[in-house]
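Heads up, the working numbering is the position in the sequence shown plus 2, with the first residue counted as 1.
Hints listed in this document are in silico derivations from the structure and should not be mistaken for laboratory results.
The reader is advised that the hints may include incorrect statements.
Distance ranges between label pairs, derived from CB positions [as the list claims (entries may be wrong)]:
| id | residue 1 | residue 2 | range |
| --- | --- | --- | --- |
| 1 | C86 | D242 | 17 to 25 Å |
| 2 | D89 | E215 | 49 to 57 Å |
| 3 | R236 | Q190 | 17 to 25 Å |
Every residue, glycine too, gets a C-beta built ideally from N, C-alpha and C.
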Amino acid sequence: MDLARHASFLAAAATLPPAARLCINRCNLPAWILGSLAFQRHPVPLAIDGVHDFHSDLCRRLDPIADHGARAQCFADYMTVRFCLEDLEEAGLTPGRRKKSRANANYLRLVRGWSFDSDGREGAVLKYWAETRFGLLARHHGRPLHGRGSEDYLWFQGEAVRGIYGTNAVESQLDLLYTYCQYELARQHPGTTHLTLHRGINSIGDHEVLGREPDGSYLVLLNNLNSFTSDRERADEFGDYLLTAQVPRAKVFFYNRLLPGMLKGEDEFVVVGGVYGVRIATL
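Working from the sequences, and respecting the hints, build out all of it.
Structure, rendered in structure tokens:
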């Protein structure tokens with residue numbers, strides 16, 4: 003890399019504001035890199051610490067299966083057995099008065115909850131998971147969150163903790179869901195680094211704008227988790243303007259076709275945030 007390109011890369015890597023990140027995470031890259039414009043332009047695979055090693059037997063089971071649907075069933079079966087999703091007492095649930103609804107708050111219930119209301123309690127759990135794994139702070143949850151220590155952010159944390167309390171290792175379930183999503187995308191789109199995804203918005207003011215690029219695109223700081231769609235026409239159902247981004251494949255948390263019946267919205271993708279260069283067009 004020549005000096006000019008190196009300087010440009012470093013400038014792009016420094017775009018994530020310090021107030022939008024944690025100093026530690028559970029990923030192979032620090033937040034200031036994976037949340038930067040440089041990462042959007044030059045992505046590399048992301049891995050949550052320990053997941054591949056701890057669940058290496060899952061990959062061995064998936065590798066020889068040629069059919070996507072059969073792989074999805076294999077993954078679902080693995081999750082059911084590994085986390086005792088159909089045997090809550092085996093998972094440690096004490097028989098008696100304790101409500102089983104908390105232990106039943108598994109990965110499927112959480113992602114379906116997101117599809118109904120990303121600002122609900124399930125959405126808070128997913129955004130909190132993204133914080134701890136990738137080190138990107140939630141910027142919005144039903145209202146703007148004004149940084150750690152603010153009343154709004156403490157309220158958000160309370161929502162997330164109440165959603166996690168009493169569940170059956172739900173954060174570890176989400177770790178494996180992300181890892182499987184990345185495995186499946188690699189098999190279905192080999193050699194592809196980005197997906198073109200869209201998001202309907204009412205105004206660019208709905209997002210934190212950091213600047214403009216010479217080509218007219220916007221630099222925006224997205225929330226740590228965001229819904230996009232691969233269907234351009236569907237995006238116009240959610241706003242008067244179309245936001246289009248080249249999303250690194252490594253930043254796709256899950257999508258509706260990953261598992262049968264997983265999400266209600268067709269072609270919905272849930273994407274890890276950070277700084278993105280995006281284009282805005284009138285629908």
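Hints, one by one, checked against the model:
Between C86 and D242 the C-beta distance comes to about 47 Å, which lies outside the given range of 17 to 25 Å. Between D89 and E215, the C-beta spacing of about 53 Å keeps the proposed range 49 to 57 Å intact. Between R236 and Q190 the Cβ separation comes to about 20 Å, which falls inside the hinted range of 17 to 25 Å.
Of the numbered hints given earlier, the model fails hint 1 alone.
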